[in-house]
Each structure stands twice: as structure tokens, then as C-alpha cells.
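> Can you build the whole structure from these sequences, using the hints too?
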Amino acid sequence: MKILRSLVLTVPVFFLYAAQAQVIDDFELENVDNEWVSLEELKGEQLTIIDFWATWCKPCTKAMPKLNEIYKEFKDDGLSMIGISCDGPRSIAKVPAVVNTLGIEYHILKDIDCEVMNTYQFQAFPTLIMLDSENEVIYVHEGFSTGDDREFKQVIEQRLK
Amino acid sequence: MKIDRIILITIFISSSAFLLPGQVSIVNLLETQIGKLPNETADIFPSFYDRTEIDYRKKGFSVNATIEQYHTTFDGRGYLDLSQLAVGYKKKKWEFKLGNFYETLGRGLLLRSFEIPGALLEDIGFRSRNYFHRDVLGASAKYRSKKVSVQVLRADVLNNVLPPTFDRPERRTDLITAVQAKLKFLKSHEVGLTFLSLEQSGRGDQNFVSGSLRGSFFSGLDYYGEYAGNVDSDNFAIYSGLTGYKGSFSFSLEYKKYSDFVLGAGINEPPAGVKQQTYRVLNRSIHVSNPLNEEGYQIDLFYNFKNGTIINMNHSLAKNTFGGNSTTFRQFFFELQSSIGENIEYKGFLDYSQDPFKGESNRFSVGLYSDIGINENLRILPEFEYQSFERSQNGVYNFNALLGINIRSRFFYSILGEITNDPFIINEGKGTRIYLGNTVRYSPTYRHTFQLFFGERRGGPQCSAGVCYEILDFKGFEVRWIGKFRVR
Numbered sequence: 001m002k003i004l005r006s007l008v009l010t011v012p013v014f015f016l017y018a019a020q021a022q023v024i025d026d027f028e029l030e031n032v033d034n035e036w037v038s039l040e041e042l043k044g045e046q047l048t049i050i051d052f053w054a055t056w057c058k059p060c061t062k063a064m065p066k067l068n069e070i071y072k073e074f075k076d077d078g079l080s081m082i083g084i085s086c087d088g089p090r091s092i093a094k095v096p097a098v099v100n101t102l103g104i105e106y107h108i109l110k111d112i113d114c115e116v117m118n119t120y121q122f123q124a125f126p127t128l129i130m131l132d133s134e135n136e137v138i139y140v141h142e143g144f145s146t147g148d149d150r151e152f153k154q155v156i157e158q159r160l161k
Numbered sequence: 001m002k003i004d005r006i007i008l009i010t011i012f013i014s015s016s017a018f019l020l021p022g023q024v025s026i027v028n029l030l031e032t033q034i035g036k037l038p039n040e041t042a043d044i045f046p047s048f049y050d051r052t053e054i055d056y057r058k059k060g061f062s063v064n065a066t067i068e069q070y071h072t073t074f075d076g077r078g079y080l081d082l083s084q085l086a087v088g089y090k091k092k093k094w095e096f097k098l099g100n101f102y103e104t105l106g107r108g109l110l111l112r113s114f115e116i117p118g119a120l121l122e123d124i125g126f127r128s129r130n131y132f133h134r135d136v137l138g139a140s141a142k143y144r145s146k147k148v149s150v151q152v153l154r155a156d157v158l159n160n161v162l163p164p165t166f167d168r169p170e171r172r173t174d175l176i177t178a179v180q181a182k183l184k185f186l187k188s189h190e191v192g193l194t195f196l197s198l199e200q201s202g203r204g205d206q207n208f209v210s211g212s213l214r215g216s217f218f219s220g221l222d223y224y225g226e227y228a229g230n231v232d233s234d235n236f237a238i239y240s241g242l243t244g245y246k247g248s249f250s251f252s253l254e255y256k257k258y259s260d261f262v263l264g265a266g267i268n269e270p271p272a273g274v275k276q277q278t279y280r281v282l283n284r285s286i287h288v289s290n291p292l293n294e295e296g297y298q299i300d301l302f303y304n305f306k307n308g309t310i311i312n313m314n315h316s317l318a319k320n321t322f323g324g325n326s327t328t329f330r331q332f333f334f335e336l337q338s339s340i341g342e343n344i345e346y347k348g349f350l351d352y353s354q355d356p357f358k359g360e361s362n363r364f365s366v367g368l369y370s371d372i373g374i375n376e377n378l379r380i381l382p383e384f385e386y387q388s389f390e391r392s393q394n395g396v397y398n399f400n401a402l403l404g405i406n407i408r409s410r411f412f413y414s415i416l417g418e419i420t421n422d423p424f425i426i427n428e429g430k431g432t433r434i435y436l437g438n439t440v441r442y443s444p445t446y447r448h449t450f451q452l453f454f455g456e457r458r459g460g461p462q463c464s465a466g467v468c469y470e471i472l473d474f475k476g477f478e479v480r481w482i483g484k485f486r487v488r
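Keeping their order, the protein sequence lines are chains A and B.
Residue 99 in the numbering used here sits at position 99 of the first sequence; the count goes up by one each step and never skips.
Residue 28 in the numbering used here sits at position 28 of the second sequence; the count goes up by one each step and never skips.
Worth flagging that the hints you see were computed from the coordinates, not collected in a lab.
Treat the numbers as computed from the prediction; the structure is a model and nothing was measured.
It is possible that part of the hints are untrue.
Chain B is nowhere near these chain A residues, computed Cβ spacing over 12 angstroms in every case [as the list claims (entries may be wrong)]:
(1) 42
(2) 43
(3) 70
(4) 73
(5) 106
(6) 112
(7) 147
(8) 158
Distance condition first, Cα-Cα at most 16 angstroms in a straight line; then the derived EDC-like pairs of lysine to aspartate or glutamate [said to hold, decoys possible]:
(9) B:91 to A:149
(10) B:58 to A:30
(11) B:36 to B:473
(12) B:187 to A:30
(13) B:58 to B:95
(14) B:146 to B:190
(15) B:59 to A:28
(16) A:75 to A:28
(17) B:93 to A:76
(18) B:36 to B:390
We put the CB at the ideal spot given by N, CA and C, even for glycine.
Okay, structure coming up:
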């Protein structure tokens, strides 16, 4: 009976809700030069990609060179890209080294408490989200496997038409 | 009463979406196991865990609640708990938090809280499952401009080893009051000062201070240094690091010295100074830093070749001294990742370690992972790892092989086989032990992920997001669903 009552709680009002888009509020984080910058300062005119990653996450570092290629291809078309490192105290020191090793040209921010990712309840590394000009989340992708970058490009091309 | 309160809060936050202009996000993690766990007499042990996180936000204002529940057929292990409730407000340079939240002071020398997404903790002593996180419960006010930041914090820190079957006063015995100030100067340098007072139930107050300095000597060379100490004793912690790059070469150097610096029930976590490994055999063997007494360093080197090949070399050393006896952990790690043509990617590693703290000498590990594209949608992922070491004059080995199939990141299947002759693991009278586990994961959309595990999974130490914990062996079926819902 107790389990049944708990199960009823597990399936609360939220199942009635229609799934809709989410908006990311402006936030400020430090970049690799230890300067505070905001989403509003870095966002693209049409599209902004945010990639949540960590130095110890192998799929993350596998995705980043592919994302960098995408950034270079579309940055002049209104696309901005931000990588938010969720490295904690143990590995945050490695962020600049890994970014340089991978040849990343897009913006890299550091979030030692992973506050932005937790605030919006993203649960996997890496998680890539795309925002429109109103900061509304229009695309979310968790994990990375080679070939996923083709899907990213298709979505970007559709949005930047 | 407790259930009624939870229902009320759930309905209040959920219905806010309709009553107030804002957005509600809900994430639900459900996991059920039917199988066999260590030290359980029952062959079939059913359990049910669920965590619902509800978040309401409108511009700078937010309300967040987390409900956790766990049930088994055994009395005393299950619970239904409102494990987190928080209100936050953020406007321009000000930020206020009330309730449950996460906070790290400096590099974790004085306070480190965390949440490991998707990880469940089950302690073999308490036999209850709960989400793996360490939050604080209290209030925080922060002011931050481009040059200055000041934060005041007063909160109880969670002892996450104790599951929610324990009452709040038992799980939160450490009350902290902290003030932290940071000032930027000369464009790229910052000095920080933190004061922390710790009140422990029945153990009086202790006061700590820390000072930090960080910045860039020039573009491509960053430094960090922090000293923390107990005001009333000689206990201290020092952590420093230097990170830089030039062309295709990058490096990171770290030094640590910790002397009797475990705060309260373990609310702090100074950087380990040892590489966090994701390879299975290395992750399981990772050296867990001991802030009671440890000194050491880590050198991490990276080189990126023009064809995209990356090599990483890492060396770390950690010396522990207890009662006049010293043990020194040493690790030498080499990793290469590259590709053959457009469809084959691979990475391999070699590792040699001496780990007297665990009684393991000449620990040699090797592994090869590949990712083979069959066509645009299908990829095959074979992985092999082998490890050997000596313990008490016995030769021990661990071998594992995984074959994975990935279809467009929507569907994933893997079969993982592990074999070991480790006397700590194998059943009495047997020479080896074999684990065979299957994982099927399906994500029809980003909003829903279903995962099924069946077979046998090896437990042991596991490190994720810089935090190490123990997972238990498991044999049986495990089903997990993560669902995400949004309303605006």
C-alpha cells in the first residue's frame, strides 16, 4: 500500500503537461582568461550552441574538435558557440591545456559547481543545446558518437536558412 | 504528515506554471532492480528508487524541490523524502539562495559540495539507495562585480554516506558559517580570502582561514595557489598549480600538501592531484587522496600532432605518512588517440603504477578502444583492457572486453565481459570469477531515455566527476527511465 501511494506520487501532475521549449536566462561565468562574461555578450545573432563538457569526459573531448569545425564554418552566419566546462576542483586546472590541445577556437567558460547545467537539469556529459535569438532551447543532444556532428549541421543549416 | 507535505509542495510548484508566467521543468529518474546484491540471502531482491526534481523559474526567481523515495521488501530501508527544497533570487550583481544548494569554496580545501548526475549511492552497511550528492542546507548571499566578489554563507552540510532513512540532525552534523571575498587586480590576477567557522554537534567550534592567489603571468601561462589552515592548530592544506601551452604542446603541473585537514564529517575535498581515469581498470584502481596526511604532485603533458593525433603523458606521486610509516603511490600513464581514414578512430593506453597503500605493486595496465563506422548510422565499439599486479606475493589480473553497437546515438547495446583472479573478489574454492553484463539504452527523443541492464556487474571503487565512491556487485535485471518535462 505504501509503495502504491508512493507510485502515485511519482506520476504526479507533470504527466499532464505538454512538453514545451525551455528558455535559458542570462548567466555570467569566467572564461579561460579568468574574465567574467555573460551569455548576452557571447550569444549569436541567430543561433547559440552551448556544449557542457569536462576534461575527464572522453565523448566530450571527442566531440569538441568536430564542434570547432562547425563553429568555423558557421560563425560568420550568425552562429556563436560556448563550451561550458563542468570540471570541479580536481580537474579544473587542466581546462586551458585541454582546450589548447584540441585547438578550440570558440568561447570556453568555467563552471566549477556546474551550476548552469544543474539549474536547467541537464543530466549527461556532453550535453549540447542550441538556443535561438530569444534564448529558447530549440535542440538538445546528450552524449556524442561520431556522426552526430552531421545531425548538428543539418539542424544549424535549417535554422540559419 | 510527511507525505502530505510532499504532495502539497509538488502540487504548489507544479501548478505555478498555470498560475504564474514562468517555466517549470521536471526531471524524473526511476530505477528498479530485481536481482542479487552482496550479503543478501534472498536470491531475488526487488527494489524501487525514484527521484523527481521540480524546478520553477521566472527571470531571476526560482523554486526547486526534489522528492526521493526508495522501497524494498525489507522494513527499515525504504523512505519517501523531500530531500531538497530551495528558493533563489538573482538580479544583476546580487544572488540569494535559501534552502538546499551546492557551493564550493576555493578549490574545495574548505568546502566542496557536488552532484553526480544520474549516480545512485548504496552503502553496504546501510543498504538503502539515495542520489549521490553532497549539498548544503541554509542561506547564502553573494555580490559580484567584474572586480570584486563577496559571499556570506551559513548552512548545514550533508553527510551523504547516511541515507535519508536517518533523520536530518544525524545527516547534517556540520554547521558552517563562511565569508569569502575575492578581488581582481592588475587585470589578470585575483586574490581571495575565506573565513570558515565549523560547528559540529557535540564537538565545539573550529575556525579556518584560506588565502588564494591566481592569474596569468602572460597569455598561455596560468597559476593558482591556495593555503588553508586551522586557526587554532597546525593543521593545514596547500594546493598549487601551473597550466600553460605553447603551440601544440600543453601542460598542467599540480602540487599538494595536506596535513590533518579533514573538516567535520568530510565536508571538504582538496584536489586529489591524481588523474581521473575513465578506463575501467584504471578508474577502479584510482588513488583516493587522503587529506589527513598526503603530499605529492602531478604532471600532465599533451601534444597535438598536425594529423589530429593526440598524446597525453601523466605522472603523479602521492606520499602518505601515518605513525612513522610512509607509503608512496606512483603512476605513469601514456595515452594515444588517433584515427585511420575517416571511419576508424582508436585510442590506447599504457599505465604503470606502484600502490603500496593498497598493497599492489608493479601494477601494469594496457587497453585499446576503437570506434568503427560501418555506415552513416551504425558504429561498432570494441574495447579491451588488461591489468596485472602483485599483492601479498600473489599475481593478480583483471581482463575485460566490451563490444558495443551504436545506432545514431539513439540506440546503444553493449556486452561487457570481465574475468579476474583477484582473491578479494573470487568466491571461495574458485580460481577465477567471470562477470557478463548487457546494457541496452534507447532514447527515442531527448526527453526520454530507457536503459536495461541484465547480467552481472562488478562493483568496487568508482570515480566520477572527481568524486570517488563504492558501488556494489549486482546480478539480475535493472531498468532505468529518465524523463524530462517542461512547461512555459
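> All hints, please: hold or fail.
Tested hints:
no. : hint           : in the structure
1   : 42             : 15 angstroms, holds
2   : 43             : 17 angstroms, holds
3   : 70             : 16 angstroms, holds
4   : 73             : 17 angstroms, holds
5   : 106            : 17 angstroms, holds
6   : 112            : 6 angstroms, violated
7   : 147            : 6 angstroms, violated
8   : 158            : 17 angstroms, holds
9   : B:91 to A:149  : 36 angstroms, violated
10  : B:58 to A:30   : 24 angstroms, violated
11  : B:36 to B:473  : 8 angstroms, holds
12  : B:187 to A:30  : 14 angstroms, holds
13  : B:58 to B:95   : 14 angstroms, holds
14  : B:146 to B:190 : 11 angstroms, holds
15  : B:59 to A:28   : 14 angstroms, holds
16  : A:75 to A:28   : 22 angstroms, violated
17  : B:93 to A:76   : 32 angstroms, violated
18  : B:36 to B:390  : 30 angstroms, violated
Figure legend: structure checked against the earlier numbered hints; hints not met, in rising order: 6, 7, 9, 10, 16, 17, 18.
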